[in-house]
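Participant: Now for the letters of each chain:
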Amino acid sequence: MDALLRMGRRAASALLLGLIGITVSGIAAAQAPGASSRLDEIVKRDKLIVATFSTAPPFCYTDEAGKLVGFDIDIAKFIAKSLLGDEKKIEFVTVTSEGRWPAVNSGRADIGIATTTVYPDRALRVAFTRPYIDSGISILVRDDTNVTNLAGLNNAKFTLANLSNPQMADRAKRFLPNVKLLTFDTPAALFTAVKSGQAQAMQMDTPVVNWYAANNKDMKVLPENLAVVQGNAIFMKPGDFTLWLWMDTVVQEMTAGSRYTEYTEIYKKWFGTNPPPQRFYGATGSAK
Amino acid sequence: MSIDLSFLTRVAPTLAEGLSTTILLAVPAILLSATWGIVVVMGLLSRFRLVADIARSYVEVVRNTPVLVQMFFIFFGSGFAGYPLSGFTAGLLALVLQNGAYMAEIYRGGIRGVSHRLAEAGLALGLTPRRSFGLIVLPIAIRNVIPPLSNQGVLIIKDTSLVATISVAELTFQARLLADRTAAVFEIFFTLALFYLVLTAIFSGCMRLLERRLRLA
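Heads up: the sequence lines are chains A and B, in that order.
Take any residue in the first sequence, note its place counting from 1, add 7, and you have its number in our numbering.
Take any residue in the second sequence, note its place counting from 1, add 52, and you have its number in our numbering.
Any given hint might turn out to be false.
Stated by the list, open to error - So these bits of chain B aren't anywhere near chain A, every CB distance computed over 12 Å:
#1 Ala-68
#2 Val-91
#3 Glu-112
#4 Val-114
#5 Pro-118
#6 Leu-137
#7 Gly-174
#8 Ile-192
#9 Lys-210
#10 Leu-268
What the hints assert, rightly or not - Part of the chain B face toward chain A, derived, beta carbon under 10 Å:
#11 Phe-128
#12 Ala-133
#13 Gly-134
#14 His-168
#15 Ser-219
#16 Ala-227
#17 Arg-228
#18 Leu-230
#19 Ala-231
As the list claims (entries may be wrong) - Covered by chain B, per the in silico footprint, the following chain A stretches (three or more residues, Cβ under 8 Å):
#20 99-109
#21 120-131
#22 170-177
#23 203-216
Read the hints as simulated data drawn from the structure, not as lab findings.
Glycine included, every Cβ here is placed at the ideal spot set by N, Cα and C.
Using the sequences plus the hints, can you model the full thing?
Facilitator: See the structure below:
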């Protein structure tokens with residue numbers, strides 16, 4: 008009993024020390040008012056540091072040569088070029104799904120571009136620009152399930168692979184209440200689950216799902232879109248208005264302004280189609 | 053960085069849900085590893101060369117590959133083979149296979165640590181080799197292995213967090229979901245660390261009591 012008590016006391020004092028450490032660093036962080044914008048720091052450093060994924064084709068993934076490629080990677084390079092004049096002045100930090108937030112909030116990276124959807128609860132902790140792409144959510148199924156639509160998949164004998172974010176779980180509950188769920192932390196693991204037969208289907212951003220279906224003959228995409236609008240945006244540590252405004256302006260100029268041509272080139276390179284029209288009232292839709 | 057403490061009380065119930073799965077996984081993992089270790093150490097110390105060699109190769113293979121890789125291999129591999137195991141089963145199996153090998157090495161060290169002379173003294177008193185081992189070597193060896201076994205148990209408790217990657221909704225898994233939804237990564241992982249700290253403290257406290265109980269006066 009005595010030994011237990013002593014251990015308890017020791018654990019408590021260790022814990023207290025840790026808490027004091029955190030509090031002190033919190034105060035230190037709060038006492039830095041009027042600090043210059045991170046944007047100046049980036050320009051002075053002459054390099055943009057971007058947090059991204061390495062396993063989410065075709066947005067941000069590692070190709071067979073081990074190089075980071077994808078739509079998000081090209082967008083990041085375009086931003087580096089706009090900011091510093093050279094798309095090579097960039098450093099990528101690869102992160103996990105939940106590791107994206109501390110990557111920017113700790114200052115490890117300047118911004119994050121990682122197929123990241125804007126949700127209000129996320130916006131409490133990081134600052135989002137306006138979306139640079141509306142990705143949609145689709146379902147990839149194995150051909151051997153003989154399923155052709157969402158209703159057919161909604162069966163207790165099937166298992167759906169989800170990414171480890173709660174929005175996926177909510178969506179599965181709404182559209183496919185009968186299926187069993189498995190949850191993994193990377194899109195590549197979702198795909199491995201479907202490929203290995205641990206799951207029969209997976210839900211993911213539409214371009215990702217299309218990419219997997221195009222590269223695997225034994226799989227197909229269901230016709231339904233599970234998300235009406237799925238806006239992916241650039242995120243950063245909140246509170247730095249100068250940096251946020253610059254990033255938001257670049258996104259605006261890419262999707263509906265002076266850089267629409269460059270944006271269209273990147274979009275077509277990865278998705279094979281034109282992006283949504285620059286002007287919503289445009290009759291023909293998009294850039295020719 | 054500042055910590056929002058009220059947030060912690062809000063996420064605690066979800067984490068507690070994961071905690072029950074962690075305990076349900078850790079307890080059988082520790083007990084089965086300890087048992088499987090006995091089987092393996094019997095192989096290691098076998099008089100039959102072939103048995104000893106097989107046991108030795110097994111220990112080297114599982115001890116020298118990461119348990120995470122073994123989990124992936126068992127989980128996805130069983131799917132490819134057409135007999136998909138659940139994440140829980142695959143995770144438990146990987147933990148037991150790996151830690152059983154470590155336990156066997158701990159037992160072996162404990163037995164080897166008992167002086168030859170004691171066993172020989174037993175023989176001189178007219179005991180059979182088997183009884184000399186059972187009555188003299190083993191009781192001392194058991195006392196010797198309690199501290200390293202307790203250490204290994206703590207490692208198993210912490211390693212259960214790896215099954216989050218193969219879709220088992222344990223403590224770390226719940227924490228990652230919460231962190232992904234709220235982006236409050238520091239608060240959540242801080243709480244997560246506390247949960248593990250309490251879990252391992254209880255476990256090592258029990259092991260210490262056991263050690264004390266077995267200590268020779």
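Participant: Now tell me if each hint is right for this structure.
Facilitator: Here is how each hint holds up against the structure:
1. The Cβ of Ala-68 (chain B) sits about 17 Å from the closest Cβ of chain A, beyond the 12 Å cut-off, so the non-interface label holds.
2. No Cβ of chain A comes within 12 Å of the Cβ of Val-91 (chain B); the nearest lies about 29 Å off, and the non-interface call holds.
3. Glu-112 (chain B), annotated as away from the interface, keeps every beta carbon of chain A farther than 12 Å; the closest lies near 28 Å.
4. The beta carbon of Val-114 (chain B) is kept farther than 12 Å from every beta carbon of chain A, the shortest such distance being approximately 22 Å.
5. Listed as outside the interface, Pro-118 (chain B) is consistent with that label: its C-beta sits roughly 16 Å from the nearest C-beta of chain A, beyond the 12 Å cut-off.
6. At roughly 9 Å, the least C-beta separation between Leu-137 (chain B) and chain A is not larger than 12 Å, which violates its mark as non-interface.
7. Listed as a non-interface residue, Gly-174 (chain B) keeps its Cβ farther than 12 Å from every Cβ of chain A; the least gap is roughly 33 Å.
8. At the 12 Å boundary, the C-beta of Ile-192 (chain B) stays outside the reach of chain A, the nearest C-beta of that chain being 23 Å off.
9. With a minimum CB-CB distance of about 16 Å to chain A, Lys-210 (chain B) clears the 12 Å threshold, and the non-interface call stands.
10. Here Leu-268 (chain B) stays apart from chain A, with its beta-carbon at least about 17 Å from theirs, past the 12 Å limit.
11. Interface hint at Phe-128 (chain B): satisfied, since its Cβ lies 4 Å from the closest Cβ of chain A, which is below the 10 Å cut-off.
12. Restraint check, Ala-133 (chain B) versus chain A: the minimum CB separation of about 9 Å is within 10 Å; hint holds.
13. The beta carbon of Gly-134 (chain B) comes within 7 Å of a beta carbon in chain A, closer than 10 Å, and the hint placing it at the interface holds.
14. Hint on His-168 (chain B) is violated. Least Cβ distance to chain A is approximately 34 Å, over the 10 Å limit.
15. Using the Cβ-Cβ criterion of 10 Å, the hint placing Ser-219 (chain B) at the interface with chain A is satisfied: the shortest such distance is roughly 4 Å.
16. Interface hint at Ala-227 (chain B): satisfied, since its Cβ lies 8 Å from the closest Cβ of chain A, which is below the 10 Å cut-off.
17. Restraint check, Arg-228 (chain B) versus chain A: the minimum CB separation of about 5 Å is within 10 Å; hint holds.
18. Nearest Cβ of chain A to the Cβ of Leu-230 (chain B): about 8 Å, under the 10 Å cut. The hint holds.
19. With 10 Å as the threshold, the beta carbon of Ala-231 (chain B) comes within range of chain A, its nearest partner Cβ sitting at about 4 Å, so the hint holds.
20. Counting residues of the stretch 99-109 of chain A whose C-beta lies closer than 8 Å to any C-beta of chain B gives 5; at least three are required, and the coverage claim holds.
21. Counting residues of the stretch 120-131 of chain A whose C-beta sits closer than 8 Å to any C-beta of chain B gives 4, which meets the bar of three, so the coverage hint holds.
22. Three residues within the 8 Å Cβ limit are the bar, and the stretch 170-177 of chain A against chain B gives 5, so the coverage statement holds.
23. Residue count for the stretch 203-216 of chain A with a Cβ under 8 Å from a Cβ of chain B: 3. That meets the three needed, and the coverage hint holds.
Checked against the numbered hints given earlier, this structure breaks hints 6 and 14; the rest are met.
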